Structure formats: C-alpha cells, structure tokens
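Participant: The chain contents come next:
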Amino acid sequence: MPRPGLRRLRSPRVWGPAGAVLVAGAVTAVTLTAGARPAAPAPADGLPHTTVEVSPGDCGRGWDHPRPGLQVFDLRNSSSRGAEVYLRGAHGGPVHGEVEGIGPGTTRSLRVRLGPGAYAFTCLPDDANAVTGPVVRVAGGGPGGPAAAPVTQHDLIGPALDYQTWVAGGLADLVRRTAVLRAAVAAGDLPAARTAWLSAHLGYERLGAAYGAFGDADRTINGTTAGLAGGVHDPAFTGFHRVEYGLWHGEPAAGLRGPATALADAVRALRDGWAQARMDPAALGLRAHEILENTAQAELTGRTDYGSGSNLATARANLDGTRAVLARLRPLLTTRYPGLSDLDGALDRTAHLLDGFRHDGRWPPLGTLRRADRERANAAVGDLVERLASVATLCDPRRTV
Amino acid sequence: MNDGRRERTGGSGGSGGGTAGDRRSGVARRGFLRGAALAGAGLAAGGAAAPARPPYAGPGPQPALPGTAAAPVPFHGPHQAAILTPPRRVTAFTAFDVTAESRRDLAELLRTLTARARFLTGGGVPEPLGITGPPADSGILGARLPGGALAVTVGVGASLFDDRFGLCARAPRRLTAMPAFPDDDLQPAWCHGDLSLQLCADDTDTVLHALRDLTRHTRGGLQVRWRLDGFASPPRPTGTPRNLFGFKDGTGNPDPGSARAMRDLVWVGTGTGEPDWAVGGSYQAVRLIRMLVEFWDRVSLTEQERMVGRARESGAPLDGDDEFDTPDYPGDPKGDVIPLDSHIRKADPRTPGTAGQRLLRRAYNYDRGTDSNGNLDMGLLFCCYQQDLARQFETVQRRLAGEPLTDYVTPFGGGYFFALPGVRDETDWYGRALLAQ
Numbered sequence: 002m003p004r005p006g007l008r009r010l011r012s013p014r015v016w017g018p019a020g021a022v023l024v025a026g027a028v029t030a031v032t033l034t035a036g037a038r039p040a041a042p043a044p045a046d047g048l049p050h051t052t053v054e055v056s057p058g059d060c061g062r063g064w065d066h067p068r069p070g071l072q073v074f075d076l077r078n079s080s081s082r083g084a085e086v087y088l089r090g091a092h093g094g095p096v097h098g099e100v101e102g103i104g105p106g107t108t109r110s111l112r113v114r115l116g117p118g119a120y121a122f123t124c125l126p127d128d129a130n131a132v133t134g135p136v137v138r139v140a141g142g143g144p145g146g147p148a149a150a151p152v153t154q155h156d157l158i159g160p161a162l163d164y165q166t167w168v169a170g171g172l173a174d175l176v177r178r179t180a181v182l183r184a185a186v187a188a189g190d191l192p193a194a195r196t197a198w199l200s201a202h203l204g205y206e207r208l209g210a211a212y213g214a215f216g217d218a219d220r221t222i223n224g225t226t227a228g229l230a231g232g233v234h235d236p237a238f239t240g241f242h243r244v245e246y247g248l249w250h251g252e253p254a255a256g257l258r259g260p261a262t263a264l265a266d267a268v269r270a271l272r273d274g275w276a277q278a279r280m281d282p283a284a285l286g287l288r289a290h291e292i293l294e295n296t297a298q299a300e301l302t303g304r305t306d307y308g309s310g311s312n313l314a315t316a317r318a319n320l321d322g323t324r325a326v327l328a329r330l331r332p333l334l335t336t337r338y339p340g341l342s343d344l345d346g347a348l349d350r351t352a353h354l355l356d357g358f359r360h361d362g363r364w365p366p367l368g369t370l371r372r373a374d375r376e377r378a379n380a381a382v383g384d385l386v387e388r389l390a391s392v393a394t395l396c397d398p399r400r401t402v
Numbered sequence: 002m003n004d005g006r007r008e009r010t011g012g013s014g015g016s017g018g019g020t021a022g023d024r025r026s027g028v029a030r031r032g033f034l035r036g037a038a039l040a041g042a043g044l045a046a047g048g049a050a051a052p053a054r055p056p057y058a059g060p061g062p063q064p065a066l067p068g069t070a071a072a073p074v075p076f077h078g079p080h081q082a083a084i085l086t087p088p089r090r091v092t093a094f095t096a097f098d099v100t101a102e103s104r105r106d107l108a109e110l111l112r113t114l115t116a117r118a119r120f121l122t123g124g125g126v127p128e129p130l131g132i133t134g135p136p137a138d139s140g141i142l143g144a145r146l147p148g149g150a151l152a153v154t155v156g157v158g159a160s161l162f163d164d165r166f167g168l169c170a171r172a173p174r175r176l177t178a179m180p181a182f183p184d185d186d187l188q189p190a191w192c193h194g195d196l197s198l199q200l201c202a203d204d205t206d207t208v209l210h211a212l213r214d215l216t217r218h219t220r221g222g223l224q225v226r227w228r229l230d231g232f233a234s235p236p237r238p239t240g241t242p243r244n245l246f247g248f249k250d251g252t253g254n255p256d257p258g259s260a261r262a263m264r265d266l267v268w269v270g271t272g273t274g275e276p277d278w279a280v281g282g283s284y285q286a287v288r289l290i291r292m293l294v295e296f297w298d299r300v301s302l303t304e305q306e307r308m309v310g311r312a313r314e315s316g317a318p319l320d321g322d323d324e325f326d327t328p329d330y331p332g333d334p335k336g337d338v339i340p341l342d343s344h345i346r347k348a349d350p351r352t353p354g355t356a357g358q359r360l361l362r363r364a365y366n367y368d369r370g371t372d373s374n375g376n377l378d379m380g381l382l383f384c385c386y387q388q389d390l391a392r393q394f395e396t397v398q399r400r401l402a403g404e405p406l407t408d409y410v411t412p413f414g415g416g417y418f419f420a421l422p423g424v425r426d427e428t429d430w431y432g433r434a435l436l437a438q
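In order, the protein sequence lines correspond to chains A and B.
Offset between the first sequence (1-based) and this note's numbering: plus 1.
Offset between the second sequence (1-based) and this note's numbering: plus 1.
To be clear, the hints were calculated from the coordinates, so they are not data collected in a lab.
A hint or two may mislead.
Claimed, not checked - If we take Cβ atoms under 10 Å as the criterion, some of the chain A residues that face chain B in the derived model are: (1) 45; (2) 47; (3) 97; (4) 146; (5) 379.
Since the model is a prediction, treat every value here as computed from it, not as a measurement.
Using N, Cα and C, we set each Cβ at its ideal position, and we do this for glycine too.
Please model the complete structure; the sequences and the hints are all you need to start from.
Facilitator: As structure tokens, then:
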C-alpha cells in the first residue's frame, strides 16, 4: 500500500477530516460508556487504566496514582480542537508512547510499559503550542518498554536536503544513460540498447523510486501494465518496462524509437523538475523502509520482469538506494535505534548474497535460481524490511513545541 | 478413502488385536463417548454444557470436549501437548526451510520460535513498542490474546541434518525424507521442508494471527516452503466426523489417554537407539491427499462402501451395525462381506502381529479452491504420529498399495518430520538438547 509522505504530515489540513470522523465516533463511544459504566466493568484488556485529560489547561491531569508496568492511559480530549499526545520522560526525555489525532471530545487509549522514573505528558493541540503536564514519578517495577527521543521536522531538513542533492546527481547521470539508450535504439543496435537499458534502469532503481516517491513521473518512467486494459500493447504502457518488453521480445528498433525517446524526455523532465522541488523531510524515513518493501513485492516476485530477467540486479540497486537514505539518517538513528548495527550487518549480508548471484557480469533471471537461493534472497530482504520498519516509525517527524 | 487414508494410516489401528480390539480400546472408546455424550448433552440442553464455546468434536477418535479452549493445555512438558490433544476446528500446516546461516543463528531462531509460541498459546497483552516500531501485534485478536486458544506443534525434517549446521550425527535415527509411494504423484513444491509448524485452533483468525506473528519474528531465518490449511468437521450427526468422501473417518485411533499406548506407539523413548535429545519426541508423517470428489460422487454407493469396507451412513463395518463394531475378518476369510482389498481391511488386518503398527492420526480436511479444469481441489491433510515410520506408517502404506481407493485420491505432497520433545520449562526451548554441544 503506498504511503504518500503527505499523508503523514501533521498539517491541520490533513488532519481535519480525520478529526471530524473521530468526533462522530466519540459521541457513540461516550454514550456506550455512560450506559455501561456504573458497575465499572474491567477493561477487556485486563490492564490497569488511568484516565488522563488532554487539553491546553489540564494536560496530563488525572494521573494521580502512578504505577509501574504494563498499563493503559485513556486520553480524553476535553478541548475543542484535535490534539496529539506524547508520554515522555520528564524534562524532554524520550517518547514512550504517542497517540495522534485525538478528536475533540474523544478518548483514545495509549498502552505502555513504564519502568521506574519521571514522566510527563505533552499535549500538542492542532494549531497551538505544546503544553507539558506535571511530572509524575513512577517507583519500583521492572524495566520499562522501549522509548526514543523524538525526531523533529527540523532534524530532518538537513538530511533531506543532502539526500535531495544526491538524487539530483543520480538524475543527471540517469539523463545521460537514457540518452545512450535512446541513441542505441535510434541506431538500430539492439544488443547495445539492451546493455544501455539495464544500465539506465539500474540507475533509476538506485534512486529508490518506491511507492510514488517521484509522483506521476514514476508511472511514466517505470510503470508496469497494472491497470492498463491493453496490457503490454496499451498505448499508456510507457517507460523502462515498455522499452524492456520490446528489447527482449524481438520488437524491431523502429517500433522502439518512440518509447525510448519518450523515456529519455520523461527522465529529463524529472531532473529539471527535481531541481525546483522540495522534498518532504517526512518522507525520508518512509523511503528507508519502503524501497525494499517494493523490492520484496515487485522484484523478488518477478512481477516487474518484462523480459530482461534483471530483477536481482534491480534488488541490488534498491539495496544501494536504501543505503543512500540510511546514510543521511544515520546521525539521527545512532542514539535512537539500538538495532542499527544489526541492520548494518543485515544490509552487508544481503549485498554479499545478491552479489554472489552474479556471474561473469550477468545476473541470472529470478526463475533460474535454485529454490534454496531464492529462499535466501527472500529471507534476507524480508529480514531487512522488518528491521527498516522501525526506521520509519522512529524518523516520523514529531512536534516538540 | 479418506476413511481410507486415515484408516490407511493408522486407522484401524484401534484394535489391539482380535476381539479385544475395538471394545477394549474401550479406554479410547470411553474417552470418545464421553466427548460425544457431552457434546450431545450440550446440544440437547441448548449448549449448557459448554462454558464458552459451542461444543465441538474434532475428527479424531476422541473429539474435543466442549470447552476445550477454556482449559488451556500447559505449554511446558515432556512432550508437545498438541500431539495428543484432540484436533481443533481449523489448522494451518506450514513447512519451512531454514535460511539461518549458522548453528548459532539456528539456535537463536528456535529460541525465538519458542518464546513466541509460549506467548501465543498462553495469551496476554503484547508488549507495546511505543514509537520504536510498528505495532507489536497484528491486532486481529484484539488487545489481549486469549490463553489456550492455540496449539503449536514444531517438527524438524531430515534436511535440517545436512551439512549446514553440523547436525548430521545427531539426526533421529529413523528420520528420512518422505519417499514417493507407488500411488503418489508428488509435486516437489509441496514436499518436505527443514521444519514443520502446525497451528491448530477453533477459529481461523487465531491460526492466522499466530502464523503472522511467528513468520514475522523469524523472517530472516525461516522461509515458507509450502502451506496447507485444513478444517475438522463436526459430527454428522454423531460419532466420528466425516471426511470429504462422506465417510466417517478415524474410528480406531489408539487412546491418547493411555500412557502405555502412547509409550508403545507414539513417543520416542530411551533404549530405542535414538539420540538422547530425541526422547519425548515423535515421528510426524504428513500427507497431502487430493480427493477426486467429482469422480467419487459418480460411483455407486455399494462400490464406495466396498472400497472403504464401511457403511457410509453409519460408519459401521460392512459386517456390523454400529460404527464401533469390530469387523470379524476370521469369519469372512474370502472377503465376501468386507472385501479383502477394502481399505479398512488392508489398513489394519487386526491380527496380533499388526498391533504395533498402529499410529495416532491427526488428520484434517482441506479445501483449496479449484484446479485448472474447474474440478474442486479438496481432500485430506493427513498427519499422524508414531514411534517408528518404517514399522508403522510405511508398513501400513505398503499394505495399502494398489487398493481400489487409490483411483480416487492423489497424494501430491507432504513430508516426514520429527516432532521435537516438549519445551520443559521457561528456560527450555525447542531443540535445546539437539543443539547442545
């Protein structure tokens, strides 16, 4: 499922409609609760519950009997606007839990395991400054659950600009590569065109164009036949895979000139547009995760193979693309992600594994791999996406003011 | 066939020999009847007998007691508990290949698998991860996982004992790759595996929740090789549940409540030549058997019953009135009533010499859509446990070779596994003794 970066942005514009829905739900919830409450029934989860106020004036009120261990805070937004809530270590400590988009009048629950220490709720009303509630001390009990310092939008601006610059360089290179492809097709030199195609396509895949990172341009440049009634003969089938299909299905060079030229033009347009665009910093963590999700779904299944048999090469390029994102996030992750060195090890092992499939400079088509090798590739990438999922949640930008 | 198959594999095993046979299995029978009686009472009394769940009887000889789910089987013990507990309503049987790269990684993998299985079977609230990761749980069972709703059984295949992990010398002595039997049409993609995982529960969501959790936590070390889901039917109307050929299937299992029978037939014990670590385990034979149900439905009832050796409606042997009547083979030496090549007669000739060939069947029905020509793809997810594959499963299987029923079934997959000894306590894990240096 594509997760456009925009959806994750915390602008009121985005949260508005969701808030409205929540309000409607809240009325029902309150009614039900009121009806069922007199006997104070035990919550279905069997955990201790504490109701806490979420409002600019009363942020965190109600947490009167602190206790350690696994528990639930029922966060009641008694204000007139939506809010999000973090439970943090006192005085700007790490975030132990969060609930976003609590609509006015709504109660949402936050499950957390607390160890001994000092904590405070931070309430972040939409369009208003953050308010921190009273510090509460928890004594006794075992260790708490995992927590991490929030990454702010500001933290991500530098990495995003740096990444954007890196992508710009890659796009400039890609313009050259697609020009070589176009020239080879124009010259009718199909063997050279096939070589140039792979070089150009891997150049694009290395940029990590997963799940709409390049918007509509990606559809034009790297779309498949999905959703096209005419399949590989559909006029809307364009870009790398259209050219691939022709190059590996005996299509005459004349028929490929149009698609190869259109591809080169689209890549140039992307490069030109990229210089003007400002990448959403919130997308960086998602990219780190989703490039390889796309690999698992589209490459390791062979879905995107239109004849070149280069899925493994693409997977390898995607791995480089993931590393390029991680390199920019690394300073933020070192203190926040205890699994980082394991992730690095897994990335190295996967790179080594994929490289091992290549013989004499050629990548075997996916279907020719031995079953055990294919399982190893699936396991390696599967393991990576499990680990990278945490990078996305940790690098989701959070407000601190 | 199914009856067939079940009988086939062990089915008729119920009788210890001769006349005492079925009747004596009395213990088993009594267990069965108790279950059936309760289920019946539950139905009659509007379900009063069942605390939380509707009464349900599994397909085995001793149907699940009503409310089984309310009395969780302890996860820890000398044996994996789900081997003996009655089949649940649904199952997912998954064979994995191990992609862990070292013995240490394999040990880590098995520790993880154990920890997750312990949690998933015991129930509880998943540990929240805060902002450090996506939700710890898929959420499909709600905030708190129920205890006792799930059963997990883990086995290892012969391929795990190749040169990857230095385990060659530690293989269970009687573990091989499943051979192709003469009537098989095995598809390699549906055979074998380094590790078997069977999840059983009374609700599909419970099984799928566990499968997602376990695969999620072992993603780098295990890859699914094949998976077949199954279900167990309720009794129709009473007695042993029916297979998809319409026959009551599984009338004569040995009694899981008899420690002696289990010791003699199911568990690997000391002094059997097996490595010490294997004591408490059991050999698991899994057979994926397509039933050609359209063809079967075009066969006359008489012919069906003569192939099976039982009456379809009652489940009685053809020389009896009741499902649990013992067939009298000595009184029918030429097979005039129960044909000599009928399934139940071939599967268990009920002689003193065949008593040790009995095995414990834990079969489910399966349904996986349609095949390329539109025929229904359904059949039997056969699974059985025994002490010795050659003495038990393979002997019965060989005797069944060429039986008339083979025209109506196609075994297409499966494998041999060794169900590991139980996880003894909080510090133990699947295969700890196997991997100990």
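Participant: Could you work out which of the previously given hints the structure breaks and list their numbers from low to high?
Facilitator: none
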